[in-house]
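Engineer: Protein sequence lines correspond, in order, to chains F and E. The opening residue of the first sequence carries number 1 in the working numbering; numbering runs sequentially from there. The opening residue of the second sequence carries number 1 in the working numbering; numbering runs sequentially from there.
Derived from the structure by calculation, the hints contain no laboratory data. Computed from a prediction, not measured in an experiment: that's the story for all the values here. You may find that some hints are simply not true.
What the hints assert, rightly or not - A few chain F positions that, by computed beta-carbon distances, are all more than 12 angstroms from chain E:
#1 S14
#2 F42
#3 V61
#4 I64
#5 F67
#6 A107
#7 A145
#8 H147
#9 Y171
Stated by the list, open to error - Mimicking DSS-like on lysine-lysine, the simulated pairs with C-alpha atoms at most 30 angstroms apart in a straight line are:
#10 K175/F - K66/E
#11 K23/E - K7/F
#12 K33/E - K70/F
#13 K29/E - K70/F
#14 K40/F - K175/F
#15 K70/F - K23/E
#16 K23/E - K175/F
We put the CB at the ideal spot given by N, CA and C, even for glycine.
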Amino acid sequence: AMSLHTKMARLGDSTFSTMEKVNSELLAMTYGALVTTLIKDFQDVKVVNTELEKMGYNIGVRLIDEFLAKTGVTQCRNLKETAHSIAKIGFKMFLGINAEVTWGADARQFSIEFKGNPLIEFVELPEKFKNLDYSNLLCGVIRGALHMVQMVVTTELRKSELKGDPVSEIYVTLKQHLAEKFKGEDD
Amino acid sequence: MAPRKVDTLYIFARDGSCLYLRKFAGEMKQDAKEVEIEKKNMFGLLFTLKTFVNSITPRNLDEQEKEPIRYFQTAQYQLHYMETASGLRFAASTPPNTRNMQVALGRIYRLYVDYVLRNPSYRVGTVINLAGFNQRVDAYVREIAG
């Protein structure tokens with residue numbers, strides 16, 4: 001019997017193979033131009049981090065449906081399955097990379113660890129931008145996508161290969177589950 | 001595959017708002033108020049039906065196992081339903097005994113992803129008014145009508 005994680009990894013691989021591909025250099029350079037423009041516009045690294053996360057959120061609220069429609073995943077039974085879906089299926093199909101889940105301080109927290117982030121190819125962070133969370137877009141994507149499946153989370157780029165770490169790490173904390181509600185319910 | 005004639009297609013958001021209502025047979029109701037009532041009633045029906053079906057299920061289901069409704073049928077028509085984890089609800093009415101409509105709803109979901117969500121001018125959760133999506137849906141509905 002195949003373990004659930006193996007099934008997920010296979011689904012990630014097979015979905016990735018059906019996805020349209022874009023040249024990774026084009027992606028990296030487009031993203032780099034985006035970050036550079038944000039830095040020019042806002043000057044403050046903290047603000048740029050926030051803007052990247054917001055952009056990611058707006059991508060995430062749309063990306064979730066592409067994920068659901070293309071993988072056929074209907075739901076995750078618990079946070080562990082959700083975490084592995086993001087790492088094994090999501091990261092694979094959208095970024096083409098393998099990611100791992102490590103569990104956090106308690107049942108509501110986990111990390112997604114990954115190497116070879118295509119967004120950072122060719123990038124070197126100068127000293128004055130050492131507090132820039134260059135890949136913060138990805139944190140927003142995760143937050144936006146999970147929000148659409150009724151989970152409110154916070155995300156944090158804890159480690160980055162750009163900052164000398166061996167892997168990149170996004171730390172996710174589940175804040176709350178949203179209940180089913182529709183307008184008119186309070187009428 | 002046998003022809004599948006879609007009469008009406010509905011797409012609802014999680015909060016009950018109707019993002020899309022399209023009739024492929026017969027005429028759209030002229031009166032805007034009547035259309036609004038139809039949308040509200042359809043969503044209310046689907047929501048209530050889901051709750052009802054889960055409450056009379058013969059064995060205790062935990063949260064994750066709750067029965068998805070696939071369709072209900074009367075002598076006149078069949079109403080097919082598909083709900084996504086993101087709260088989108090697709091419903092389509094067809095003549096009775098139409099099979100493989102879950103596949104069709106899944107294909108329409110894919111069209112929504114490609115022609116609605118990917119359109120930067122579209123704000124998620126608002127009414128869909130996009131020529132590209134309309135064309136693609138029309139073409140698909142024509143294709144499966146045989």
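Engineer: Now, for every hint given, state plainly whether the structure supports it.
Structural biologist: Evaluated hints:
1. The beta carbon of S14/F is kept farther than 12 angstroms from every beta carbon of chain E, the shortest such distance being approximately 16 angstroms.
2. With a least CB separation of 21 angstroms from chain E, F42/F remains clear of the 12 angstroms interface cut-off, as annotated.
3. Interface exclusion of V61/F from chain E breaks down, the closest Cβ pair being 5 angstroms apart, not more than 12 angstroms.
4. Look at I64/F: its CB is around 5 angstroms from the nearest CB on chain E, not clear of 12 angstroms, so calling it non-interface is violated.
5. A beta-carbon of chain E is positioned within 12 angstroms of the beta-carbon of F67/F; the least distance is around 9 angstroms.
6. At roughly 17 angstroms from the closest C-beta of chain E, the C-beta of A107/F stays outside 12 angstroms, upholding its exclusion from the interface.
7. With a least beta-carbon separation of about 9 angstroms from chain E, A145/F fails to lie farther than 12 angstroms from that chain, contradicting its non-interface assignment.
8. Not every C-beta of chain E lies more than 12 angstroms from that of H147/F, the closest at about 10 angstroms, which undercuts listing it as non-interface.
9. Every CB of chain E lies more than 12 angstroms from the CB of Y171/F, the least distance being 23 angstroms, so the non-interface label holds.
10. Among the hinted pairs, K175/F with K66/E is consistent with the structure: their alpha-carbon atoms are about 24 angstroms apart, no more than 30 angstroms.
11. For the hint linking K23/E to K7/F, the alpha-carbon distance of about 40 angstroms lies beyond 30 angstroms, and the restraint is violated.
12. Annotation: proposed proximity of K33/E to K70/F is violated, straight-line Cα distance about 37 angstroms (limit 30 angstroms).
13. In summary, the hint linking K29/E to K70/F is not supported, as the alpha carbons are separated by about 35 angstroms, beyond the 30 angstroms threshold.
14. Distance hint between K40/F and K175/F is unfulfilled; the C-alpha atoms sit about 33 angstroms from each other, more than 30 angstroms.
15. Our distance criterion of 30 angstroms between C-alpha atoms is met by K70/F and K23/E, whose separation comes to about 27 angstroms.
16. With a CA separation close to 42 angstroms, the supplied pair K23/E and K175/F exceeds the 30 angstroms bound.
Against the hints set out earlier in the document, violations occur for numbers 3, 4, 5, 7, 8, 11, 12, 13, 14, 16.
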